[in-house]
Amino acid sequence: MHAEPPPPLDDTDRRLLNRIQSNFPITPRPYDDIGREMGLSEADVLARVARLRADGIIRRIGGNFSPDKLGFVSTLCAAEVPAAEVERFARAVNRYSGVTHNYLRDHHRFNVWFTVIAPSMEEIASHLAAIREETGVERILDLPATRVFKIWAKFDV
Amino acid sequence: MLNATEKSVVAAIQGDIPVTARPYAELAARSGLTEEAFLTTLRDLKARGYIRRFGATLRHQKSGYAANAMGAWRVEEDRVEAIGRHMAAQRQISHCYRRNPTPEWPYNLYTMIHADCEANCHAIARAIARETGVDDYLLLFSRRELKKTSMTYFPDDDED
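Note that the protein sequences, when read in sequence, are chains A and B. First residue of the first sequence? That's 830 in my numbering, and the numbers climb one at a time after it. First residue of the second sequence? That's 240 in my numbering, and the numbers climb one at a time after it.
The hints are simulated quantities; they were obtained by calculation from the structure and are not laboratory data. Predicted, not measured: the structure shown is a model, and the values here were computed from it. Some clues are possibly wrong.
Cross-link-like lysine-lysine pairs, in silico, BS3-like; alpha carbons within 30 Å at most [to be verified]: (1) 898/A <-> 387/B; (2) 983/A <-> 386/B; (3) 285/B <-> 983/A; (4) 387/B <-> 979/A; (5) 898/A <-> 285/B; (6) 983/A <-> 246/B; (7) 285/B <-> 246/B; (8) 898/A <-> 246/B; (9) 386/B <-> 898/A; (10) 285/B <-> 386/B; (11) 386/B <-> 301/B; (12) 387/B <-> 285/B; (13) 386/B <-> 979/A; (14) 387/B <-> 301/B; (15) 246/B <-> 387/B; (16) 979/A <-> 285/B; (17) 285/B <-> 301/B; (18) 898/A <-> 979/A; (19) 979/A <-> 301/B; (20) 983/A <-> 387/B; (21) 386/B <-> 246/B; (22) 301/B <-> 983/A; (23) 246/B <-> 979/A; (24) 983/A <-> 898/A.
Just chain A, same shape as in the assembly (with noise of 0.2 Å):
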């Protein structure tokens, strides 16, 4: 993944992303509120964040969910997948609805790093087995949380 040139951004840009990436409004006219917050009008809201989505800087803008708290669990998983194999080993494990994130690491045997959420670990370990089934890739590790320390809040833009 070779990194672009970061567009520019302004320091209205900047503060602007560091105020929406957590407590975005909850009120019939969020932008307008974001706007009254940082002395800026609802249009010049509305065109910056446009602005920085349509460059990618921003993803999305939405909820981010507790997964037990919506009756799921999650894991993490690494698998041992030859070099030749990673395209189709990726498109065999990316179809499935619950994985989340999938990232090619460098690793010398675990490269292929995915997260797995599902309504019960049951479903997630017959995801598994179906996947070393249909691969053949058999060394996939399966590493539930048992405790979390920190999950991302924001990044300091």
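The hints should help you fit chain B onto chain A, whose structure is shown.
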């Protein structure tokens, strides 16, 4: 568990909300709710902790954090709590979890480390190793994003 209204609000805000003056009115209309009912339910879901964060998710590669590394650390179990807290307090660390080790993978503490370049990810990890005395660790850099999406909870139609 969640009632039908709550599930429809979760389904409406797990994607990308509109960048328009009254985004919740639009989402409410699509869900067959009034704007007021939608806002009340959404606030309540947040207050009860179902929504852990509500707002913008950035592409960190494009916002000054070009490098990210997963740190996998091998920590004595009786020190995991203290060291996990120490790591979680670092601002360059976005996620920190304990996970069970396995016979072929002995690491039990995991961190996502973000910096402007890989050398600085290494520097951050070295500083943590020095501060904690935990020197058995790996930094796994992502070489390719194979998938990055949000979970779809409670889709309108039945799941495959």
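Structure-based check of all given hints:
1. At roughly 22 Å between alpha-carbon atoms, residue 898/A and residue 387/B fall within 30 Å of each other, so this suggested pair holds.
2. Of the pairs offered as hints, the one joining residue 983/A and residue 386/B holds, with about 21 Å between alpha carbons and a cut-off of 30 Å not exceeded.
3. Only pairs whose Cα atoms come within 30 Å are accepted, and residue 285/B paired with residue 983/A is accepted, the gap being roughly 17 Å.
4. Between residue 387/B and residue 979/A, the direct Cα distance comes to roughly 20 Å. Compliance with the 30 Å bound is thereby established for this hinted pair.
5. Simply put, residue 898/A and residue 285/B have alpha-carbon atoms about 11 Å apart, close enough for the 30 Å limit, and the pair holds.
6. Annotation: proposed proximity of residue 983/A to residue 246/B holds, straight-line Cα distance about 26 Å (limit 30 Å).
7. The straight-line distance between the Cα atoms of residue 285/B and residue 246/B is roughly 13 Å, inside the 30 Å bound, and the hint therefore holds.
8. Among the hinted pairs, residue 898/A with residue 246/B is consistent with the structure: their alpha-carbon atoms are about 12 Å apart, no more than 30 Å.
9. For the given pair, residue 386/B sits about 24 Å from residue 898/A by alpha-carbon distance, which is consistent with the 30 Å threshold.
10. With a CA separation close to 27 Å, the supplied pair residue 285/B and residue 386/B stays within the 30 Å bound.
11. A threshold of 30 Å between alpha carbons decides the hint, and for residue 386/B with residue 301/B the separation of about 17 Å falls inside it, so the pair holds.
12. Of the supplied pair hints, the one linking residue 387/B and residue 285/B holds, its CA atoms being roughly 24 Å apart against a limit of 30 Å.
13. About 22 Å separates the Cα atoms of residue 386/B and residue 979/A, which keeps this hinted pair within 30 Å; it holds.
14. Annotation: proposed proximity of residue 387/B to residue 301/B holds, straight-line Cα distance about 15 Å (limit 30 Å).
15. The suggested pairing of residue 246/B with residue 387/B holds, with an alpha-carbon distance near 23 Å, which does not exceed 30 Å.
16. Simply put, residue 979/A and residue 285/B have alpha-carbon atoms about 18 Å apart, close enough for the 30 Å limit, and the pair holds.
17. A hinted pair counts as satisfied when its Cα atoms are at most 30 Å apart, and residue 285/B with residue 301/B qualifies at roughly 28 Å.
18. For the suggested pair residue 898/A and residue 979/A, the alpha carbons sit about 17 Å apart, so the restraint of at most 30 Å is met.
19. Between residue 979/A and residue 301/B the alpha-carbon distance is near 23 Å, which keeps this suggested pair within the 30 Å criterion.
20. About 18 Å separates the Cα atoms of residue 983/A and residue 387/B, which keeps this hinted pair within 30 Å; it holds.
21. Between residue 386/B and residue 246/B the CA atoms are separated by roughly 25 Å; this keeps the pair inside 30 Å, and the hint holds.
22. With a CA separation close to 14 Å, the supplied pair residue 301/B and residue 983/A stays within the 30 Å bound.
23. Proposed proximity of residue 246/B and residue 979/A is supported: the alpha carbons are some 26 Å apart, at most 30 Å.
24. The straight-line distance between the Cα atoms of residue 983/A and residue 898/A is roughly 21 Å, inside the 30 Å bound, and the hint therefore holds.
Checked against the numbered hints listed earlier, the structure breaks none of them; every hint is satisfied.
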